[in-house]
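Fit chains B and C to the supplied structure of chain A, relying on the hints for placement.
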Amino acid sequence: MIFAIFAPLLLAFIIPLLSKWKHKVHTGWLILPIPFAVFLYFLQYVGADFQPQMVSVDWIPSLDIALSFHLDGLSLLFALLISGIGTLVVLYSIYYLDHKEQLGHFYTYLYIFMTAMLGVVLSDNVFGLYAFWEFTSISSFLLIGYWHHRERSRYGALKSMLITVFGGFSLLAGIILLSIVTGTTSIQGMVEQSDVIVNSEYFPFILIFLLLGAFTKSAQFPFHIWLPDAMEAPTPVSAYLHSATMVKAGIYLMARFSPILAGEPYVFIALSLFGLVTLTWGSYMAVRQTDLKGILAYSTISQLGMIMAMLGFGTKVGLFAAVFHILNHATFKGSLFMIAGIVDHETGSRDIRKLGGLFTFMPISATLAIFGTFSMAGVPLPFLNGFYSKEMFFQASLDNTASGAFAETLVTIIPVLAVVGSIFTFIYSMYLFFNTFTGKSQVEELPKHPHEAPKMMLVPPFILVLGVLIIGLFPTIFNESLITHAADAVYGGEANKEIYFWHGLIPAFYMSIAVVVIGAIMYLTKSKWSRIYQVLPGRLSMNRVYDWMVEKSETASQRITNTYMTGSLRQYMVLLLTAITVIVAGVLVKTNGINFDMAETASITTTEVIVTLLIAVAAIATIFARNRIAIILIVGVVGYGLAILFVLYRAPDLALTQLIVETVTVTLFMLCFYHLPNLKKDTSSWFTKSTNVIISVAFGLLMMVVGISAYNSRSFDTIAQYFIDNTYKLGGGDNMVNVILVDFRGIDTLFEVAVLFGAALAIIGMIKLRRNKGAN
Amino acid sequence: MINLIFLPIVLPLLASVIAALLTKKIKITRLFSQITSVVFLIFVGGLAFYIFQNGSIVGQAGGWAAPYGISIVGDPLAILLVLTTNIIGTAAIFYAPRILEEKQERFYFYALYFLLIAGVSGAFMTGDLFNLFVFFEVLLMASYGLIVLGNGKAQLRESFKYVLFNLFSSMLFIVSVAYIYAITGTVNLAHLAERVETVEQQGVLTAVGMILFFVFAVKAAVFPLYYWLPNSYVVPNPVVSALFGALLTKVGIYSIIRVYTLIFVHETAITHSIFIWLAMFTMIFGVIGALSTHNVKLIVTYNIIPAVGFMLMGIGLYTPEAIAGSVYYLMHDMVIKGALFFLIGALVIAAGTKDLRQMSGVIQKYPLLGWVFFIASLILAGVPPFSGFIGKILLLEGGLRQEEFLLVIVALLSSLLILLSMMRIFVYGFWGELMDGLSNERKRIRQLTIPGVVLVGLAIFLGIGAEFVYPQIESISNMLYERTDYISSVLKE
Amino acid sequence: MEIILTVLASILFSTGIYNLLQKQLLRIIVGTVLISHGAHLFLLTMSQVKRGAPPLLVDDVSSYTDPLPQALILTAIVISFGVTSFLLVLAYRTYTLNKTDNMEEMRGSDYD
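Chains as they are written, first to last, in the numbering used here: chain A, 35 to 810; chain B, 134 to 626; chain C, 192 to 303.
The shape of chain A in the complex, shown without the other chains (with noise of 0.2 Å):
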């Protein structure tokens, strides 16, 4: 299994290589055979004895981290359409794609993504999980972007990654907690102690940060908005990803812990509530639309709300319904969005306004779209797949209990909703098949005259089609093989349910003759209604609000930004020293710091007050020096007054060293500041210099508090005893400080000495460069 799993991955390195004969052979076909393999080696996990398996390789133990694969009947339902479709979307884009176009790119990503998508469905590790499912982000970002050198496409892509990005953040935090929780990283191990985690103080974060990971890649609303510009990519992308798969992978993990979250108030609201939004919103905006791509993707996010509600109740009903819908969804879309782009690719043009009148020229994808469309709009025909589940679904929206004011509300809603966004989605189905393929038709209105396209082409959309009538004549089937253990998997029992196309004159029932009377009627009064279509959303969109958010995080970055970098040393300084001033000291008092009780000092004679009042005074003094040359004297004294004080503080050889080094400083001023200008009157506003005053003073107060108490706080020995016990015994020698300096702590030396020599490299490259300069 795990093969089968990498499989796709590991080709996707080798095909770069492969596309060098992509002028002789289409690359699609060299590499074909893969995911069509896998799709068989799934296959034949498939019938009524199904067992779950489970198969597990370590990765990182010491984190608990492994490549570990639980196939059940869910993740076998995924991982069938996963490698099904990805192999008739391979087949596809064969004729899709020119071999002009960088096919090696195309396939590379779109092998990545089914690795990885199989890997989200198939791995019982979460942290394995997470880590396939930010890979079907990326890949899905790439695959938006392939055509790059489109504007919108580059806008797509972005936006999809950061929106489904986000999403796998907060799902990642939402996975350490439930691991926190419960101790394992194991799917499995987390379902069998699902009462500790609904009783867990953390629930309702974990229930937010799985909610938000399913929901923005699900593109429930409000995020939904980066599916319709994902519509840039390649429409064997949309086909695939956005609309069969990935997209489904929020469902999924929805579905996967399940039996975890069914049944919690809180759960059920959330699901059913943002569902049903999602289902109503999205088929009424897919309405809307005029590009074919964008009503098919404003369906697949209706769609995908009807699944998310489903599985928010949680009945049996629901979840049976949710699960097969998941099937049968993938195969009507999946082969409208193929017939999307074979219009689009026959007649130049997915501008539903100018199409028209096609079945004369395509006759055969005009008839496979009939049934496409029909399924999807669920019109009551025994060989529609659509319809069992949509009826599923009002059966299931009737059936909902709950306590407490807001869920019971909730529940009288819900079929309202159901019934709302299926007549919206029964209008737009209509819409998309009989605006494109009926009527008056405008060919000269067209980039190319519109013909059938290649035979095969229309096999991949064909075979799906077929799948919407196979399952939808013989339910009963799949159900055995198929559907019953996947519903068991999401259900966590048994969760058997018959599939019957007639089930009597039950609510659900005339609930679907109403949205097919209500439907037909609005569908054929569209022009009345259409204004407004103008009108809703408006400044609503979502769209606004993420733009927006977009365009804020650039220009209020810049904003704030600049209003602290203004690159001026002076301002830099009074922020670091503020902060360091109000921190300190706020611990100073918080900790009890500050330790007036004197300790034993020594005593204060005359010269030693004299020599401090004179460092005091030159120190001070030079605040207000006008002169060059007098603030480099200035400062002078202070360093020929600290010499002095080392010698009356028994320093002999720090008082040598300072009286040199002063020397040379003064010296190396007096050189340097010969060539700058004059010392100028401070003309600062009053306020930068009341300022400075205060921060430099409460820096300095800082400074003599603690140090003062640092003083009075001594409470050891120093090592000192250590030194004046074996200068002369193991060091050798007479001056404890020279033998400090090159002996115990010669290293501080040597490195003293390094400080030295990088400053003698840096002055001569900064002087000499300078010459070499001038000298070009």
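Derived from the structure by calculation, the hints contain no laboratory data.
Take these hints with a grain of salt, some might be off.
[Stated by the list, open to error] If you want a taste of the chain B side facing chain C, the calculated C-beta under 8 Å gives, among others:
#	residue
1	Val296
2	Phe301
3	Tyr314
4	Ile597
[Said to hold, decoys possible] According to the in silico footprint, chain C covers these stretches of chain A (three or more CB under 8 Å from chain C):
#	stretch
5	77 to 86
6	304 to 313
7	347 to 355
8	515 to 528
9	613 to 625
10	751 to 759
By construction, the Cβ of each residue, glycine as well, lies at the ideal position given by its N, Cα and C atoms.
Here is chains B and C on its own, set in the frame of chain A:
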């Protein structure tokens, strides 16, 4: 064996002197530098392997027992970082000849480079607070020399600010040493740890510790002390920026990790919760900065800052797994920042501009550069299964266990915005119509890309091959958390 | 006396910082010099002054002043000297290239 532990510090110093003397013959200098850094790398690799197998090596300089002499501590954390430093350094040495002007090379690039490596390695390995100051000065002096290399107008302007900030924090460092010496009477880190524990970090010690934190925080570019960073990292040559971005701030972070897991660990309720807040603001303002500009190099530069926030977050959380997260992230960030600066340098040469608005379609001509950059961006944002991810889950898990939900959310959102800032370069700079004025120096661009490829490969290995690395990191973090191993191996009691 | 010295060191810090906050290069550098003097003085003060004889071994003196801080200060003085001389040259070069010694006129966001 014990004396070998001094070599990672002393040998680069020696190499620096030789490189300075050789400087007239540029080709020989290059060759010498390349051979020497590879040899160092192999040597340090062997040393690291030995230490991981057999435990810390502590060298007492001059044979003077701790705490009186200076201890050079080759514990697993230090040697891991020294190894990473040498890897990046070696990549930089091979990158340098293609990106520097010859006169920049001649004016002591290589000598200053080796001095920098000596300083950085010393800072990682020293077990003495004052000696840490000295090594800071060594690496800063080398960085001063490198940042002014080239003598541009803006370069000198920003260098001046850079030097002043560092000078100030160095002076503060000396004062902190003075305070600490007054209270504890020692400067040896292990000895300090013992003595601070004896007095239970009472009274003014915590405030002194905070001052020391700020000393390191200025170098590590923690909020609100990072203002100096963006401009001064963007002005020098890309190879210098890469060395700075990969090594310098990390020395600051390392010092914070060391001091706040070894010495000042008795008032975590105060100090470490301050870190958490600072970490949060560091992430926020860092990514805001990264989004605020169209200068591609500046975008990468700003991205240094949120990474610092991530590492500080682990220190603030102060649990073994969070510390492991910080250490993993530290190592990862050194590698990936080095790689990104290399790649950005190549991009700027290829596109002939730093302005993202004037770039497009670079990938059509330089696909390798484009794809490596793309992967590097994903690694930076912490996408699995690469190196950033391992550090990130450890940190997030640590955060969630401590119920720091706000922190976790900020961390995740800033990861997203990091990704946005990097993807903007990819989407608008690499994708799109082929721009005019794209460089034709294919060979040079390829040579500039390869060091980046190597480092990105390493980062991928650190993620996918985490099982080879993580157990080491885990034991490092346990050692840091337990402290006794470090103290007893230095003081040998 | 140590308390007085601490105050003096703090004054050196305060005046140094005040100069650092000015515009002119010269004043800024003077500020750094004052701050480093302050830092060195702190190091000396914090280890207690005037306790015992100078750290030169003499027969029949048993009490010496603490030699370690003196060694540290010596190292620090030399390092500060190196940095200050670098800073001076840098200031000079910055001035000649940017044609101003006013830091506030050296904000700039051009990174040529």
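Now the hints, each set against the structure:
1. Taking 8 Å as the C-beta cut-off, the interface hint given for B:Val296 holds, the closest approach to chain C being about 6 Å.
2. At its closest, the beta carbon of B:Phe301 sits 7 Å from a beta carbon of chain C; the interface hint therefore holds under the 8 Å criterion.
3. For B:Tyr314, the interface hint holds, since its Cβ comes within 8 Å of a Cβ in chain C; the closest pair sits about 6 Å apart.
4. Hint status for B:Ile597 relative to chain C: violated, with the closest Cβ pair at about 37 Å, above 8 Å.
5. Requiring three or more residues with a Cβ within less than 8 Å of a Cβ of chain C, the coverage given for the stretch 77 to 86 of chain A is violated, as only 0 such residues are present.
6. With a threshold of 8 Å between beta carbons, the proposed coverage of the stretch 304 to 313 of chain A by chain C is violated, since 0 of its residues qualify and at least three are required.
7. A stretch counts as covered by a chain when three or more of its residues have a beta carbon under 8 Å from one of that chain; for the stretch 347 to 355 of chain A and chain C the count is 0, and the coverage is violated.
8. Beta-carbon proximity to chain C at under 8 Å applies to 0 residues in the stretch 515 to 528 of chain A; the threshold of 3 is not reached and the given coverage is violated.
9. Interface restraint, the stretch 613 to 625 of chain A with chain C: violated (0 residues with C-beta to C-beta distance below 8 Å; minimum three).
10. With 5 residues bearing a CB less than 8 Å from a CB of chain C, the stretch 751 to 759 of chain A meets the requirement of three and the coverage assertion stands.
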